[in-house]
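Work out the full structure: start from the sequences and follow the hints.
As they're listed, the protein sequences go chains B, G, A, R, Z and Y.
Take 1204 as the starting number for the first sequence in the numbering used here and just add one per residue.
Take 1204 as the starting number for the second sequence in the numbering used here and just add one per residue.
Take 1204 as the starting number for the third sequence in the numbering used here and just add one per residue.
Take 28 as the starting number for the fourth sequence in the numbering used here and just add one per residue.
Take 28 as the starting number for the fifth sequence in the numbering used here and just add one per residue.
Take 28 as the starting number for the sixth sequence in the numbering used here and just add one per residue.
The set of hints was computed from the structure by calculation and includes no laboratory data.
It cannot be assumed that every hint is accurate.
[To be verified] Using 27 Å as the maximum straight-line C-alpha spacing, the simulated DSS-like pairs for lysine-lysine come out as follows: (1) 320/Y x 1247/B; (2) 84/R x 221/R; (3) 320/R x 1220/G; (4) 1220/B x 320/Y; (5) 1247/G x 1220/B; (6) 118/R x 1247/G; (7) 1206/B x 1206/A; (8) 118/R x 1220/B; (9) 320/Z x 1247/A; (10) 84/Y x 1220/B; (11) 1206/B x 1206/G; (12) 221/Y x 1247/B; (13) 320/R x 185/R; (14) 1247/B x 1220/A; (15) 118/Z x 1220/A; (16) 1220/A x 1247/A; (17) 185/Z x 320/Z; (18) 320/Z x 1220/G; (19) 320/Y x 1220/A; (20) 118/Z x 1247/A; (21) 320/R x 118/R; (22) 1247/G x 1206/B; (23) 84/Z x 221/Z; (24) 185/Z x 1220/A; (25) 320/Z x 118/Z; (26) 320/Y x 118/Y; (27) 1206/A x 1247/B; (28) 185/R x 1220/G; (29) 1220/B x 1247/B; (30) 1247/G x 320/R; (31) 1220/G x 1247/G; (32) 320/Y x 185/Y; (33) 1206/G x 1247/A; (34) 1220/G x 1247/A; (35) 1206/A x 1206/G; (36) 221/Y x 84/Y.
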Amino acid sequence: MTKHLRIELIIERMAHKRACRVLEAAGMTGYTVLPAMAGYGNSKRWSRDTDLSASGDMVVIISVGDEAKVRATMEQIGDLLGAHIGIVTTTEVDVLRPGRF
Amino acid sequence: MTKHLRIELIIERMAHKRACRVLEAAGMTGYTVLPAMAGYGNSKRWSRDTDLSASGDMVVIISVGDEAKVRATMEQIGDLLGAHIGIVTTTEVDVLRPGRF
Amino acid sequence: MTKHLRIELIIERMAHKRACRVLEAAGMTGYTVLPAMAGYGNSKRWSRDTDLSASGDMVVIISVGDEAKVRATMEQIGDLLGAHIGIVTTTEVDVLRPGRF
Amino acid sequence: MDVAISTLLSPIILFFALGMGAALLRSQMSVPEAFAKGMALYLMMAIGLKGGVEMSKNPLTMDVILVLGAGIVLSFLIPAIAFACLRATTKLDRVDAAATAAHYGSISIVTFVAATEAVRLSGLDSGGHLVAVAALMETPAIITALVLAARGGGKREKPVAGSERGELVREVFLNASIVVLVGALIVGWIAGEKGTASVQPFFVDLFQGVLCLFLLDMGLSAGRGLRQGWRQLSPMTVGFGLYMPLIAAAIAAGFAYAIGMPAGDAALLITLSASASYIAVPAAMRLALPEAKPSIYLTLSLGVTFPFNVTIGIPIYIFLALLITGQS
Amino acid sequence: MDVAISTLLSPIILFFALGMGAALLRSQMSVPEAFAKGMALYLMMAIGLKGGVEMSKNPLTMDVILVLGAGIVLSFLIPAIAFACLRATTKLDRVDAAATAAHYGSISIVTFVAATEAVRLSGLDSGGHLVAVAALMETPAIITALVLAARGGGKREKPVAGSERGELVREVFLNASIVVLVGALIVGWIAGEKGTASVQPFFVDLFQGVLCLFLLDMGLSAGRGLRQGWRQLSPMTVGFGLYMPLIAAAIAAGFAYAIGMPAGDAALLITLSASASYIAVPAAMRLALPEAKPSIYLTLSLGVTFPFNVTIGIPIYIFLALLITGQS
Amino acid sequence: MDVAISTLLSPIILFFALGMGAALLRSQMSVPEAFAKGMALYLMMAIGLKGGVEMSKNPLTMDVILVLGAGIVLSFLIPAIAFACLRATTKLDRVDAAATAAHYGSISIVTFVAATEAVRLSGLDSGGHLVAVAALMETPAIITALVLAARGGGKREKPVAGSERGELVREVFLNASIVVLVGALIVGWIAGEKGTASVQPFFVDLFQGVLCLFLLDMGLSAGRGLRQGWRQLSPMTVGFGLYMPLIAAAIAAGFAYAIGMPAGDAALLITLSASASYIAVPAAMRLALPEAKPSIYLTLSLGVTFPFNVTIGIPIYIFLALLITGQS
Ligand SMILES: Nc1ncnc2c1ncn2[C@@H]1O[C@H](COP(=O)(O)O)[C@@H](O)[C@H]1O
Ligand SMILES: Nc1ncnc2c1ncn2[C@@H]1O[C@H](COP(=O)(O)O)[C@@H](O)[C@H]1O
Ligand SMILES: Nc1ncnc2c1ncn2[C@@H]1O[C@H](COP(=O)(O)O)[C@@H](O)[C@H]1O
Ligand code: NA
Ligand code: NA
Ligand code: NA
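Right, here's the structure in full:
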């Protein structure tokens, strides 16, 4: 049975379209973007209602796929995170209807 | 020790109340719904600020429970996803105060 | 290789700054807060657009860190959840650039 | 002709064009969803109030009731015709055709507002009860569409998991636009001109300006929908989005003639019939016919028919109304 | 009597009823949270500005300071009485009773606005400094409630994890409504009638209309709260939500009589005392008394007391004010 | 002097101070993001419309084209000077210095509006084409900054993963403020005074009031940015935020003198040059120069330069304009 992984990418809102293009190009069949409202890292805090330019906002991108595709995708996400702020994790998950990914 | 699982269901916003009813009926003790702001699948993109009817919006529903309950719930979610667009994953998690679920 | 865990804390919006302070004090290097829009638990439902005071709203806080730090943090979160409504899970995850946490 | 030009050059249409242009040029600008929804609410309250105040000035006559009835019949009837056209001329399957047909039986409140303005500029009068007609025409079309979709054996054996009795009724008949339109109409009726004087600066004076901002957003939505969805539309489907309003308009004109409506009211009834929904019905279809494809019905209604109606359509509908009342 | 009826049939109350009705019929309509919060901000700025401009017209007298003092004392005092009533007549535990009491000591700014309007319609005058009284009465009640909750040995040994010194003070005394009310009052005071003339179309002319839209949303909130929460309220608790405003009104009337306030001002002080908070205090309670149940205090304050006050209460309070000033 | 004082005591500035004070006192109040963005959109539409209507009254002269050209040149030029100053007096690295410089070459539309008001109060006239100048000055600065950042060998060998040809152009040249400013300007130009009469109550009468609410939010943003970010700013960097506007103003005054602009127009061109962006450019920098630190450029532009400009700066710039036109 194929293993499935979920990618969770926390990245700058301004850069999220770049991340989406990376995911699409790497062959992930789908993803969903969630807005974040606040955060902390490197001893700096941000909050959505605080900054009119929204230039510090982050989003969380969730993408589920089979192991091979996810591994391939992760390499390219590494490139993106060289330039942009963000962190990414992968988790093993069970899926319904595995054929779909 | 009982194992616990977290369900993460990505589903159409319009159908999320149906999903919630399924979770409640299946005996899950709680869930939390997060709004998504954009997504991609089947080579179509959607974005929250783009469509006044919001008919393409998705949400993410998180629900944590013990293994037996989650397994039972997943079957019924399968029914729902026969009619509606959505994907669902389960992940093994550790919880604080396991008795509560 | 160090194992990494992701904390996912579902907690009252009003109390989220307390949770953030606990995470910072326990040495987590970062976290991200997501707004929730609805939920259910103890046979009560809430929904964001329903309550002007927003006093029933919940948020989801995601924080990724190495095992030792997360274990230490979980104890202190237990204290917080004694007073406030919330549930917390930890999941094993793989991270890119593990040195960063 | 004059009306057509002054309509096309009004700030409302110009801002719609601006939004559409920005979307087609792939500008990243957007109106926050919460703000757009708030404006939509405002517009419906304002329309309802105005209609109610108008209605409070005259007693409810048989004529008014006839028009209300005509609106309901039209909303039931038009989807059946639209469905037949779609099945005959396009490759849409039964469910997609039924869902699309529902949109054309229902109405677009912004098109209605634009027509009200154009009617006024043409020197015609229109009655407040047309707002009630608009509210009544929102939903019957959905019922016709469900019947059409079910007839093909496509009827589900058991309801979708988690669905609830009354859910669709609540979603469809108690959706925000109906509740607010009808509610505000009643408020306006009860409070009357004197009672609503204190809210006039908000609901009357600002109306045109808010409409500009709202239409900027609709232009963005329509343009983006078109850019992303046009590939899914065959030329025959696009054609449907252009000729269907005219068919619906012709039928409505027949009704208006039969009842003997005054020209202004007739123009509005015709416009309502010719307009297609892009807020309430798409949402209802996700619940009622989840298998139907939003990229077809939404692109068609918002990206093709709405721009057609607010630019070319409305002058035609006013002309039609003048024709049947013998004024042209 | 006349005032009562024209209050009940004003668009504001009609829209509140519309929202409540829609919620009870389980309509899915909603006002986006961001939009509702924006309107709340607008209303508070407008109220503050108006009060400040009024105050800039007269020097600050001893009378004014006495009224400010009375407001603070009332806000400290009323929760103690409310707490005693709740403990005597309901089964609420100490913490729930204290949290609920805090709501009744604090105030509802929308009730205040509705009363201002009714006072004006009754042909009475009221001073701008009542806005300052409203701001001052928002928070003392919270302190009383914390003391009451703590006395029962329920005092936490150590503070909640992650809580911070000054956190509650910032949340409670620097919450949006106080900052904006007091801030706008000062702005209005400094800028005066002439300085604020340019913002008059926004803050004065639109006020009634925005209030309609806001009350539609409050009706939805109140109706939904009631529908979901009424099972948690015993008849005795519901009763408290109806008689407590009257008790508070009677006490405030005593104060107003003692100070010798003019009828219009007295009516507003009485209304403030009788009104209960449903925005600031519920939020503060999640931090200060997290064990208390929102489904009790919020349902009671927003679902029972608020509708009671804006419909039946206000005419009674005006009548009371006329009584103690010997005008009725 | 008089202008300076009446500017400082106008509700707009008082509300900005209120927001800033609340943020520094760590009040939790906030304006919902969606509402603030909606207001920003409104303000830009209103400004654009007004400019367009003004322009429709006069034919496009050579003088106007000269001013447009001057604006573009200034926006290209100022960042180079800002960059040199930053590199000479602070320890910012090349990328941070370039990103910061871009902000000072671009403009702040709220500062522009405040200046328009102050110019009017001073009894001067200004032309509608200055709005077009504002739109044109938004982006050239970004190009200069990219060139400056790249020259130091810091040029990336390959583009950032996932970036797309045209992405920056779309984001930068088709950002909301440019599209709406220019679009509304064209709408106003086409529709003219008569065509826009119906939207006047919304876009003209409410403008000052909405600006108050918006500036309350800007005060909150500026105050919070300052509170969180000031530690990252060395005294020399803060100094730059105060003297750079004056340098830019001096250069612009030179241009205005050379072209022979009337005093009102000159004051506005000088203000545009002296103002720094805090919405469009920070967002563009996250895409174009992701390595640069927002906490530096945003704190400086919004927390230091914006407050300086709207309080002390604008009177100075008007004075400058009077000086070069020989009126002072
Ligand atoms: N360990 C973490 N877990 C979750 N979110 C994080 C973590 N580290 C950083 N973030 C998010 O990424 C943003 C930028 O992080 P940084 O680059 O460390 O300032 C933060 O504001 C958070 O929203
Ligand atoms: N593999 C996936 N991972 C995360 N989200 C997905 C995935 N596939 C689909 N989605 C979400 O579900 C929506 C509908 O998917 P689809 O039915 O494939 O068009 C997408 O727009 C995404 O928001
Ligand atoms: N098992 C669960 N899974 C996910 N979210 C939950 C769960 N239990 C509770 N919640 C969330 O926590 C809130 C309060 O829960 P409760 O204290 O059980 O009323 C709910 O409204 C949900 O948003
Ligand atoms: Na129709
Ligand atoms: Na009270
Ligand atoms: Na500049």
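Please name the hints from earlier in the document that this structure breaks, with their numbers sorted from lowest to highest. 8, 10, 12, 15
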